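Chain by chain, the residues:
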Amino acid sequence: MTRTEPLVRIENATKVYESRGWRNARPAPVVNGVSLDIARREIVGLVGESGSGKSTLGRMVLRLETLTGGRLWFDGQEITNASRNEMRPLRKAMQVVFQDPYAALSPRMRVGDFVAEPLCVHSGRNRSEREERVAELFSTVGLDPALMRRFPHEFSGGQRQRICIARAIASDPSFIVADEPITALDVSIQAQIVNLFKELQQRMGLTYLFIAHDLSMVRYLCDRVAVMLRGRIVEIGPAASVFGNPLHPYTQALLSAAPVPDPDVERRRTRLIYDPERYPAGEALEERAPGHFLLV
Amino acid sequence: MAEPLFRIRNLKIRIQNGGETGYPVNDISYDLCENETLGIVGESGSGKSMHVLAMLGLLPRGLAVESGEIVFAGRDLLKMNAQELRNVRGKEIGIVFQDPMTSLNPVLTVGRQISEVLVRHKRLDWRSARARARELLELVGIPDAERRMRAFPFQFSGGMRQRVMIATALACEPRLLIADEATTALDVTIQAQVIDLIRSLKERFGMSVLWITHDIGVVAGFAETVQVMYAGQIMERGPVRSVFYNPASAYTWSLLKSLPRPDQVAGEPLYQIPGQPPNPFRLAKGDPFAERNPFATPRCFEERPALRPVGDVQGHEVAAWYDLKTRIRETGGAE
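Going down the list, the protein sequences come from chains A and B. Sequence positions in the first sequence follow my numbering and run 1 to 296. Sequence positions in the second sequence follow my numbering and run 1001 to 1335.
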């Protein structure tokens, strides 16, 4: 295994949810033939409208969803059909942070115990060692370790997201899927959390798949960005290249619609409309600029 | 300036929780003119939605107006009984909330729901109400309106449902349209369409718009006047260009600065506002933003500032004891 090999590789992945009803005999795939490599220490952003399949893809690379078709590797090991037992040692290395820090925390569990849970499962530490580690994790994410014994209702949204991040990094993972991690937070808190993600990535050498719809944050945080539309990646490339020179008409429409906090820019804006009827669905990704691919 | 369509004076809303009392809206006053588009930005707990609920007589249990007045077209809404308020709501004030799924009745067809507004408020018979409802659906850009009239809300996408809500809100050609996070749940491309739609309908009907959002970008493009709220108070308000390019409140300044710019150098951390959002039960006695404000002066912690004019820009006001530019210079910026 070489260092240049991607940490996560998903190839031609497809997900179809079987419909139980009698009306839709042939359901459309939610994720349709997606291939994506994520290098070590890379931050890949995933954007697209709701229903485009970005969250499903995020769950697939964690094997929280099985693949209907295609193959998946993590850290050089194929896990397409890995069993629960085979997945268990890998779970340590792959973690997730969700959108809603209110729903993610159990209201009846002390936040320290919530953060310690992965340690109980994945490591042989005893109680006092665990507590020490939790205190350390609290400091890492910018929370006072003295708050360990409190319950979730005593925390604000931003603090709760810090708690979720502390839990995600507790088992010392190499890969984190962050699914809309700042969407539910107050605007004045979003920069705090994005800075924390960035800082942890640098300090711990983490790799992220960052799912978001805030395009300006994706542009700021991510090395590469993939644009999803109806289950497919229609464009992928270095963030500067995709945002600076969007090639797919859908990406162009998306960027032209994103509000910018600048009245003069907003008033000059020309909005591009993406009309799916006018464009063919596309067959394969083609490289148009270094590392910048377009579905044609 | 035109006559104010409504006027809020010293509005204070109280919340009671066990033995604690909080003020989610803490003494706010402002006017909205005929034909004006006012964007109100603020985070959760800023009072931006709460004061509008009070205006509509829709405050949730546990909350009550403690004092103040809301005069709409010459009448104090806070003194009206439920029946009078029902006549104002929907007829003179149209409302679009964030979640169109919970605002629409799932067991009635869309056509029926819009028609009902017209039958109730405009005293139309069902047949002409139906015809008008169809026109409204066409107006808000729903294709194949005749067929969609017979569809139920769950058969619409999020963007289309929000269009239905707008059609319902506009049914009686209200003088004021209130949109409370109306596009927050929508994808950006759909959001842009809905905003364009409301902008064109505003011109057509000549109504005032009150646009409540936490998304500063949306307000930048759409509003004429922007009002920034925090902890139940108005921190700053004024013409949109003046507030964005020349913010006088440290809170406005911080919010704008914390957003990533397209030319932001990779690796350079974002400006982050320290601390946590305010707790309405534990409000400081001074400027509510003081404890998170790197430019705060001792007076900010002691006394609450009132709105005062900023420079010579008509209508630009700030609630602050400090002069922001001077403070930034004195402290060498915020890092």
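Don't read these hints as lab results, they were simulated from the structure. Fair warning: this is a prediction, and the values are worked out from it, not measured in the lab. The beta carbon of each residue, even a glycine, is placed where N, CA and C say it ideally should be. There may be inaccurate statements among the hints.
What the hints assert, rightly or not - Stretch-level coverage of chain A by chain B, calculated; a stretch enters the list once three of its residues show a Cβ under 8 Å from a Cβ in chain B:
#: 1; segment: 33 to 42
#: 2; segment: 105 to 113
#: 3; segment: 154 to 165
#: 4; segment: 261 to 267
Said to hold, decoys possible - Beyond 10 Å from chain A on every Cβ pair, some chain B residues (computed):
#: 5; residue: L1053
#: 6; residue: E1173
#: 7; residue: D1215
#: 8; residue: R1261
#: 9; residue: G1311
Now for the hints, and whether the structure bears them out:
Look at the segment 33 to 42 of chain A against chain B: 0 of its residues bring a Cβ nearer than 8 Å to a Cβ of that chain, fewer than three, so the hint is violated. Note: the segment 105 to 113 of chain A has 0 residues with beta-carbon separation from chain B under 8 Å; the three-residue rule is not met and the coverage is violated. Against chain B, the segment 154 to 165 of chain A contributes 4 residues with a C-beta closer than 8 Å to a partner C-beta. That satisfies the three-residue criterion, and the hint holds. Here the segment 261 to 267 of chain A counts 7 residues with a CB under 8 Å from a CB of chain B, which clears the bar of 3, and the coverage holds.
Once the 10 Å rule is applied to beta carbons, L1053/B is consistent with being away from chain A; the minimum gap is 19 Å. Taking the minimum C-beta to C-beta distance to chain A, about 27 Å, the non-interface status of E1173/B holds against the 10 Å cut. The beta carbon of D1215/B is not kept farther than 10 Å from every beta carbon of chain A, the shortest such distance being approximately 6 Å. R1261/B, annotated as away from the interface, has a beta carbon of chain A within 10 Å; the closest lies near 8 Å.
Every CB of chain A lies more than 10 Å from the CB of G1311/B, the least distance being 17 Å, so the non-interface label holds.
In this structure, the earlier hints numbered 1, 2, 7, 8 are contradicted, and the remaining ones agree with it.
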